[in-house]
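> Now for the letters of each chain:
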Amino acid sequence: GNSVTQMEGPVTLSEEAFLTINCTYTATGYPSLFWYVQYPGEGLQLLLKATKADDKGSNKGFEATYRKETTSFHLEKGSVQVSDSAVYFCALRGTQGGSEKLVFGKGMKLTVNP
Amino acid sequence: DAGVIQSPRHEVTEMGQEVTLRCKPISGHNSLFWYRQTMMRGLELLIYFNNNVPIDDSGMPEDRFSAKMPNASFSTLKIQPSEPRDSAVYFCASSGLAGGTDTQYFGPGTRLTVL
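In order, the protein sequence lines correspond to chains A and B.
Residue numbers for the first sequence follow this note's numbering, beginning at 1 and rising by one.
Residue numbers for the second sequence follow this note's numbering, beginning at 115 and rising by one.
These are calculated hints, taken from the structure and not from any lab test.
Quick caveat, the model's predicted, so the values are computed rather than measured.
Worth double-checking, as some hints may not be accurate.
Okay, the calculated beta carbon distance ranges per label pair [as the list claims (entries may be wrong)]:
hint: 1; chain 1: B; residue 1: 177; chain 2: A; residue 2: 16; range: 50 to 56 Å
hint: 2; chain 1: B; residue 1: 165; chain 2: A; residue 2: 81; range: 20 to 26 Å
hint: 3; chain 1: B; residue 1: 194; chain 2: A; residue 2: 16; range: 31 to 37 Å
hint: 4; chain 1: B; residue 1: 158; chain 2: A; residue 2: 9; range: 16 to 22 Å
hint: 5; chain 1: B; residue 1: 190; chain 2: A; residue 2: 42; range: 19 to 25 Å
hint: 6; chain 1: B; residue 1: 117; chain 2: A; residue 2: 83; range: 43 to 49 Å
hint: 7; chain 1: B; residue 1: 225; chain 2: A; residue 2: 12; range: 24 to 30 Å
hint: 8; chain 1: B; residue 1: 158; chain 2: A; residue 2: 113; range: 28 to 34 Å
hint: 9; chain 1: A; residue 1: 9; chain 2: B; residue 2: 178; range: 30 to 36 Å
hint: 10; chain 1: B; residue 1: 197; chain 2: A; residue 2: 52; range: 25 to 31 Å
hint: 11; chain 1: A; residue 1: 95; chain 2: B; residue 2: 172; range: 29 to 35 Å
hint: 12; chain 1: A; residue 1: 12; chain 2: B; residue 2: 167; range: 41 to 47 Å
hint: 13; chain 1: A; residue 1: 17; chain 2: B; residue 2: 201; range: 40 to 46 Å
hint: 14; chain 1: A; residue 1: 63; chain 2: B; residue 2: 124; range: 33 to 39 Å
In this text, a Cβ means the ideal position worked out from N, Cα and C, and glycines have one as well.
Starting from the given sequences, assemble the full structure and let the hints guide the process.
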């Protein structure tokens, strides 16, 4: 079945540090890939997504590129801010029947200190 | 535009009591999802509906849990009887075919505490 493996952390960085959160997936066909972010006390919200190989999703300074050859969708940001402190989830949406549902990774908690 | 609405935001109840969580999806969305989030197990999909019909309830933990979607604008998740191990944050999410989106939009969650 479909699955997502991501770094679990927790991770603590200083402001303006570079961030990478690794995410790899297992799926048949060409799934859509997502990064969701959960700020403290809130629900998950979409950060970015990519729907086909070599697509790059970007939002709020975050980027991730859909790499079919390495089955990866790593999240990067060049300079993190305190406001980026949150839990980050990688997810995929398959292409098989009943594919409306998302498969989530376990999430990674990021804390950014001033 | 209103997002996904969940009520109540917080619920504290005693073991054995019935608990009902409510969700109003985004208007026009035709898929609705119920998730449970705990520190131990992370984010788990409990059940999802498409066009008000349950499609996959394999994540529902046991018969104490039930979910309904009587119309396109309302869904409930009921736990009867509740147990302390049901304590978690329960999220509702919706998605729709309008615009070809496959993005799920999450509500703010209901934090359930069973004493």
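> Has the hinted range 31 to 37 Å been met by the Cβ atoms of residue 194/B and residue 16/A?
Once the Cβ atoms are compared, 51 Å apart, the range 31 to 37 Å for residue 16/A and residue 194/B is violated.
> How does the Cβ-Cβ distance of residue 190/B and residue 42/A compare with 19 to 25 Å: does it lie in that range?
Given a distance of about 22 Å, which is inside 19 to 25 Å, the answer is holds.
> Starting from the range 33 to 39 Å, see whether the pair residue 63/A and residue 124/B falls in it by beta-carbon distance.
36 Å, holds
> Within 50 to 56 Å or not, the Cβ separation of residue 177/B and residue 16/A?
52 Å, holds
> Confirm or reject the claim that residue 158/B and residue 113/A have a C-beta distance inside 28 to 34 Å.
31 Å, holds
> Quick check on a hinted range of 43 to 49 Å for residue 117/B and residue 83/A, using CB atoms only.
20 Å, violated
> May I ask you to test the hint 20 to 26 Å on the CB atoms belonging to residue 165/B and residue 81/A?
Hint violated: Cβ distance 41 Å, outside 20 to 26 Å.
> Taking the Cβ atom of residue 95/A and the Cβ atom of residue 172/B, is their distance within the range 29 to 35 Å?
Since residue 95/A and residue 172/B have Cβ atoms about 19 Å apart, the given range 29 to 35 Å is violated.
> Cβ-Cβ distance between residue 12/A and residue 167/B: within 41 to 47 Å?
For residue 167/B against residue 12/A, whose Cβ atoms are near 45 Å apart, the range 41 to 47 Å holds.
> Using the beta carbons of residue 17/A and residue 201/B, state whether their distance is inside 40 to 46 Å or not.
With a Cβ separation near 35 Å, residue 17/A and residue 201/B fall outside 40 to 46 Å, so the hint is violated.
> Is it true that residue 158/B and residue 9/A lie within 16 to 22 Å of each other by Cβ?
The hint (16 to 22 Å, Cβ to Cβ) holds, given that residue 158/B and residue 9/A are roughly 19 Å apart.
> Check the following: the C-beta atoms of residue 9/A and residue 178/B are separated by a distance inside 30 to 36 Å.
With a Cβ separation near 33 Å, residue 9/A and residue 178/B satisfy 30 to 36 Å, so the hint holds.
When the structure is compared with the earlier hints, violations turn up for hints 2, 3, 6, 10, 11 and 13 and for no others.
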